[in-house]
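Student: One letter stands for each residue in the lines below.
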Amino acid sequence: MDDLEFRRTLYADPNCTDEQILAAIAEDPKKQAFCKELKQLDKNMQKASQIKVPDDLVHKLMLRQTMQSHRTSKVRNRIQLAMAASLAFVVGVSFTMWQQQNLLNIADQAIAHVYQEGSHALDAQDNVSLQQVNAKLAQFGGEFTEELGQVYYASICDFENVRSLHMVMQGENGKVSVFVIPHDDTHNAQSFASGRGYQSQAMDVNRASIVVVGEEGADIRGIKEQLKRKIHFSA
Amino acid sequence: MFSRKQNSQATVSNDMANKQKRYEVLVLALHTDIFRYACWLVKNKTVAEDIVQETFLRAWKSLDSLKDEKAAKSWLITILRRENARRFERKQFDLVDIDDVSVMDDQLSNEVEIEHRELRAIMASLSEEYREPLMLQIVFGYSGDEIAQQLDLNKNTVMTRLFRARNQVKEALDKANDIRGSKNG
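Chains as they are written, first to last, in the working numbering: chain A, 754 to 988; chain B, 33 to 217.
These are computed hints drawn from the structure, not numbers from a lab.
Accuracy of the hints is not assured; some may be wrong.
Below 27 Å or equal to it, Euclidean Cα-Cα: the simulated BS3-like pairs (lysine-lysine) are [unchecked claim]:
(1) A:Lys813 / B:Lys99
(2) B:Lys187 / A:Lys813
(3) B:Lys187 / A:Lys792
(4) A:Lys796 / B:Lys99
(5) A:Lys792 / B:Lys207
(6) A:Lys796 / A:Lys784
(7) B:Lys202 / A:Lys800
(8) B:Lys105 / A:Lys827
(9) B:Lys53 / B:Lys99
(10) B:Lys93 / A:Lys800
(11) B:Lys53 / A:Lys792
(12) A:Lys800 / B:Lys53
(13) A:Lys813 / B:Lys207
Computed footprint of chain A on chain B, listed as stretches where at least three residues anywhere in the stretch have a Cβ under 8 Å from a Cβ of chain A [to be verified]:
(14) 59–70
(15) 82–90
Between beta-carbon pairs, the in silico distance windows are [said to hold, decoys possible]:
(16) A:Arg831 / B:Lys99: 36 to 44 Å
(17) B:Lys51 / A:His812: 16 to 24 Å
(18) A:Asp771 / B:Arg90: 34 to 42 Å
(19) A:His936 / B:Lys51: 54 to 62 Å
(20) B:Lys51 / A:Gln854: 42 to 50 Å
(21) B:Asp100 / A:Ala779: 16 to 24 Å
(22) B:Lys99 / A:Ser839: 45 to 53 Å
(23) A:Arg829 / B:Arg90: 30 to 38 Å
(24) A:Asn830 / B:Glu145: 48 to 56 Å
Computed from a predicted model, the values in this text were never measured in an experiment.
Using N, Cα and C, we set each Cβ at its ideal position, and we do this for glycine too.
Excised from the complex, chain B in its bound form:
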């Protein structure tokens, strides 16, 4: 009777170890991308970190429902977006729109970084409906179809938003260059 119990316990802990392993792989492989995506979604590193933690906790709880490892990324993004939406249900806290990117990254030194900083500010200033598909395309390399599926949108809508997003970024960059140009000139 006791040996039987030990056996079943061994299987349980074996299953547990397997699950643990899967989870660890998932975290290591995707936490960077998911965190960055969260940052761009909420434009605040601290909040992003919270959401990412909630996301992975939820992922752990329902890890058994993830059958295909290839779908892991979009699965996590779905959880993340749901967590983000839940955040607004929970409480309406005063989220400061951080167009000032200094909060996004605190270590800026060289010229390239400064250039990135400018671009970041512009990207952050895009409205969410443009920013989100753009980030999926740029950070995750998603195709138009994949973005449409992930965001549950029509593909034409996605393409239009991507077009407008780039258009806005470009316009803002040109404007900034003009200002810099006139200042310098």
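Looking at chain A on its own, in the form it has when it is part of the complex:
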């Protein structure tokens, strides 16, 4: 190793631990002195570099961080609150929608009932009086206050696990089936349906729902309005 390289290396790092350098230092007292001198310079520079740190710097650093974290935690609280609120909102809305979707469409159900039952009720030719109808309707706390016209059939039957009144009446064009169903939370009382040659409409009256099922194409609105007008419930 030549002298120049030796000096360069030691200048770059006086505490160099390269074996060649250390060997060269050990051999030559001049190099030893040179190395010592450089180390002394380093020591001096190290001392000179120790600038006095302001006493309050530590406190300032701690304080700023405390303020900062206080601010962020406030912001985070707000964000969390907003998240919770939106979540609650979404849950509420979706639950309502889910519940509505799960409501039993009683208009549909009435058609199914009539279809399944077949001719049993529709072909009945009993002449049921208003008193007889009212006697059955009394269970639900209701009565018809006026004559209903021709009633061919009236019976208590099971409507999706709810006891209800099933009647067959003379409508404007053809026979219509009428169901009086006590209120149930799972029913959708404002529905319309059609199919299997029938159409039906449900409506809400006081404490019960009335579903009118007629043949497809028949006008059942008239009889629906008529029933609504004539039925009364005791309070």
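The hints should help you fit chain B onto chain A, whose structure is shown.
Tutor: Relative to the frame of chain A, chain B by itself:
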């Protein structure tokens, strides 16, 4: 429901307390070195203090990203250097090059201090590319490899700069001694 909420809040504040603790340890252990490094980087105590505050604030915000406590020093230096660079992006303010070290230290009394003062002036007069690696070596005791990594430089470049830095310091010292010598003589 409420007790659950309190529980999670307790964990959150527990995490917070841990983070706080880590931060405090970090500040106590390293603020001196970081401040000195900043001083030598910008050669102005007031500016250095600002930068150090910004550095530690940034460190606090991203404290979770610091996995290895041993790397804390070089992590902070990296943040500090970025903050310093940002300072120039923000505004081009008139930074007076303070070769006069009286600003760096206001209490100089004895002979040793005067000697240090002279050395400080010389160190401050080095250009940044020489001063920075020299300070890393002297203040932090970094090896050539570590300096190269910290400053993102080739090791040979670092060694050359260190050599030139010492060379300049030595020359300046010799010159000052000559002047003093001739004055005294």
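Student: If a hint holds in the structure, say so; if it does not, say that too.
Tutor: Cross-check of the supplied hints:
1. A:Lys813 / B:Lys99: Holds, at roughly 25 Å.
2. B:Lys187 / A:Lys813: Judged against 27 Å, a Cα distance of about 37 Å means the pair is violated.
3. B:Lys187 / A:Lys792: 21 Å, holds
4. A:Lys796 / B:Lys99: 33 Å, violated
5. A:Lys792 / B:Lys207: Judged against 27 Å, a Cα distance of about 19 Å means the pair holds.
6. A:Lys796 / A:Lys784: 18 Å, holds
7. B:Lys202 / A:Lys800: This hinted pair holds, its Cα atoms lying about 16 Å apart.
8. B:Lys105 / A:Lys827: With Cα atoms ~30 Å apart, Lys105 of chain B and Lys827 of chain A exceed 27 Å; violated.
9. B:Lys53 / B:Lys99: 15 Å, holds
10. B:Lys93 / A:Lys800: Given pair Lys93 of chain B, Lys800 of chain A is violated - Cα atoms ~33 Å apart, limit 27 Å.
11. B:Lys53 / A:Lys792: At roughly 38 Å apart (the allowed maximum being 27 Å), Lys792 of chain A and Lys53 of chain B break the hint.
12. A:Lys800 / B:Lys53: Cα-Cα ~31 Å, so violated.
13. A:Lys813 / B:Lys207: 42 Å, violated
14. 59–70: holds (count 6)
15. 82–90: That given contact holds, which follows from 4 residues of the region 82–90 of chain B lying within Cβ reach (below 8 Å) of chain A.
16. A:Arg831 / B:Lys99: 36 to 44 Å: Distance hint for Arg831 of chain A, Lys99 of chain B is violated at roughly 30 Å.
17. B:Lys51 / A:His812: 16 to 24 Å: 19 Å, holds
18. A:Asp771 / B:Arg90: 34 to 42 Å: 38 Å, holds
19. A:His936 / B:Lys51: 54 to 62 Å: Holds: the Cβ-Cβ distance is about 58 Å, inside 54 to 62 Å.
20. B:Lys51 / A:Gln854: 42 to 50 Å: Once the Cβ atoms are compared, 47 Å apart, the range 42 to 50 Å for Gln854 of chain A and Lys51 of chain B holds.
21. B:Asp100 / A:Ala779: 16 to 24 Å: 38 Å, violated
22. B:Lys99 / A:Ser839: 45 to 53 Å: Given about 34 Å between the Cβ atoms, the range is violated.
23. A:Arg829 / B:Arg90: 30 to 38 Å: Given about 18 Å between the Cβ atoms, the range is violated.
24. A:Asn830 / B:Glu145: 48 to 56 Å: 52 Å, holds
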